[in-house]
Amino acid sequence: MTEGNGLMLELKDVHTFYGSIEALKGISIDVREGEIVTLIGANGAGKSTTLRSINGLNHPRRGSIRFEGRDITNASPHSVVKMGIAQSPEGRRLFPRMSVHENLEMGAFQRADRKGIREDMDRVFELFPRLQERRTQKAGTLSGGEQQMCAIGRALMARPKLLMLDEPSMGLAPIFVERIFETIVEVNKQGTTILLVEQNALMALDVASRGYVLETGTVALADEAKALRQNEQVRKTYLGED
Amino acid sequence: MAIRRRTGFLDPVRERVEVLERRVLGDDAGPVARRTFNRGLSAVIVGFLGMLILAPLYGFSVAAILAWLVFVVLYVPPWEVIPRVGRFVRPLLALSLAATYPFYALNMFTIPIFGAFPDVATGVKMLVFAMMAIGLNIVVGYAGLLDLGYVAFYAIGSYTVAWFASIQFAHQNIHFWPAGVPSSLPGIHISIWLLLALAGILTAIVGVIIGLPTLRLRGDYLAIVTLGFGEIMPQVARNGDDFFGTGFNLTNGPNGITPIDSPGFGSFTFLAGHGSFFTPDRLFFWTAILLVLFTVFCSLRLRDSRLGRAWIAIREDETAAAAMGVPLMRTKTWAYAAGAFFGGIAGGYYASFKSATFPGDFFFNISVLILCMVILGGMGNIWGVMVGALFLEYLDSEGLANTGAWLNSNLGLNIDVPKYEFGIFGLILVVVMLFRPQGLIPSARRKAEFEVGVHDEPLYNATHG
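Line by line, the protein sequences give chains S and A. For the first sequence, our numbering assigns the number 21 to the initial residue and increments by one for each residue that follows. For the second sequence, our numbering assigns the number 5 to the initial residue and increments by one for each residue that follows.
This is chain S alone, in the form it adopts within the complex (with noise of 0.2 Å):
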């Protein structure tokens, strides 16, 4: 049933806590197989949690999650990879001390498949030719683009079914950014379905096909890409357009 539509990961009613503060307050979230959705909002309107949530470092309390039909709810985050969720997470989180190679390696920790994975490591290097040249060097000593680079091949390297990015482009040059949503645009043109949380909502918005917008742990708008970039709203708000 689920298959037919292509939905793919279903977030039902989630709430989320840090502690007694209820960070995500019933949060419905659908992403279909091939698409890139993304997350937009202020800081501290949930997006992280939500990502968080989805694979398994902080459990909701209440709702359901699920991928590919499967209840993920409560599932221990290498089971979540295993199924084929893997995500570029919030600053980077590099392996600072292994070198930009080892830290790929990382990223297939679930793989075995040795083949698949030097096929993976080539095919990242393709994407991302500045990595090649700084394979052997440490990742903490890595310029903020290029560790953003290598956070998003490592978690290609999974060969995930849904990639999770939060935000990719938080802190980098502009002309790293555009470089990196294409990257972005051409990974998911690939195959991969993408979940995408960003600051920079007129860039996220270009990108993506569905969006919806969070505010105080809970979802403000959900529409198409191109139907929120006309909402008046989100334009005030996160566009900074009159």
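Please keep in mind that the hints were generated in silico from the structure rather than gathered at the bench. A portion of the hints provided could be inaccurate.
What the hints assert, rightly or not - In silico SDA-like cross-links for lysine to any residue, where the CA-CA straight-line distance does not exceed 25 Å:
#, chain 1, residue 1, chain 2, residue 2
1, S, 135, A, 126
2, S, 102, A, 309
3, A, 423, A, 126
4, S, 135, A, 307
5, S, 102, A, 126
Unchecked claim - Reference listing, derived: stretches of chain A covered by chain S, where coverage requires no fewer than 3 residues with Cβ under 8 Å from a Cβ of chain S:
#, stretch
6, 146-156
7, 327-334
No residue lacks a Cβ here, since even glycine has one placed at the ideal position from N, Cα and C.
Chain A: place on chain S using the hints.
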């Protein structure tokens, strides 16, 4: 990529050396030539200083010159450039030096202040502690989990061997391939070799049992729980002669369990030895070398395995490791089990060597001592940890007494130096942390931590999402 160079009082010396190096080798010498030059220079300086200071004090010593030559052969030539076999030259040379140590131990020269070289029995202790330190290194150095109760694993290993190779359970009469034990002797007597394996496995299982509830904790909390565990163990051993008032004597209380069977084969035991060549100490020493080799081999294989990579990932960034699909609990538990395994074997072997085990052997200070060995040598690097362990255990059993005797006789004092053992170890640790925080021989990864401008950013902030 800015490399922060440490400035220090040796800097002017370094600059001179660099000038000299350029003059000798030319401007475009390769790194191998430069390294060899530097090592040769330091070997010459060490030899020269040795002659200058030692010869007038102790007289001319052939053994000292030979030792210096061996050091030069080991240290200076760039053995690693020889393809394939090159990287084995140094370990093999060092190994053969260690294995033949009983033959020349008595002919060695006297080290200034430290006195004579350790005797072979002390060598056994040093090797046992090296094994434990390498085991703890898996937990602390690889996986980055602070364990302050490692002595508990040592205790479990010791008591496992003690139970099954002594007359502790006198109403039993089980014999299984013991060496040199008459079949009329009551108690359980199982071959020490089997017991070592059993001690390792049992200790690993206990490690898992302890690990499962505690490894959910992070950092300081884990340290506190392991500390408690390390405190509980000797108390159980001390009070285990009357379990819950049932009269069941498990550990023989403060009197400990002694004697314990010796390792051996058939009627041949290590304790009796064989002639003047196979003395008990030599037999125990060589077996200890084999056990250390086994530990080093396993430890290196583990480090380079998938599991080893997962440990390093957890140490670097636990949350990121989880997001990459590293199962945290399982991976940490394996680190605990592996560390406990070697601690158990080492403890069991040591009990058999001493032919005794007492609750007093397993106090908190031993945990700290082993942890010091790991930190002093360089966390994560097996060779460093080994050097740290050998050195500290040598100080513990002989060195401090010798040094004290030297101090007292030369300065006319009357101090019982070994009494201040832990103060001295603390001082050594403080000095090392100040001047070489990465340890004496750090692992390449740890070294990067201190040299290259790598820093952790506080990332996922739990207070807002």
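Right, here's what the structure says about each hint:
Restraint check: the Cα-Cα separation between residue 135 of chain S and residue 126 of chain A comes to about 51 Å, which exceeds 25 Å; the hinted pair is violated. Under the criterion of a C-alpha separation no larger than 25 Å, the hint pairing residue 102 of chain S with residue 309 of chain A is consistent with the structure, at around 20 Å. A distance of roughly 19 Å separates the Cα atoms of residue 423 of chain A and residue 126 of chain A; the hinted pair therefore holds under the 25 Å criterion. For the hint linking residue 135 of chain S to residue 307 of chain A, the alpha-carbon distance of about 23 Å falls within 25 Å, and the restraint holds.
Between residue 102 of chain S and residue 126 of chain A the CA atoms are separated by roughly 51 Å; this puts the pair beyond 25 Å, and the hint is violated. With a cut-off of 8 Å between beta carbons, the stretch 146-156 of chain A has 0 residues touching chain S; three or more are needed, and the interface restraint is violated. Check on the stretch 327-334 of chain A: 6 of its residues sit with their Cβ under 8 Å from a Cβ of chain S, so the three-residue criterion for coverage holds.
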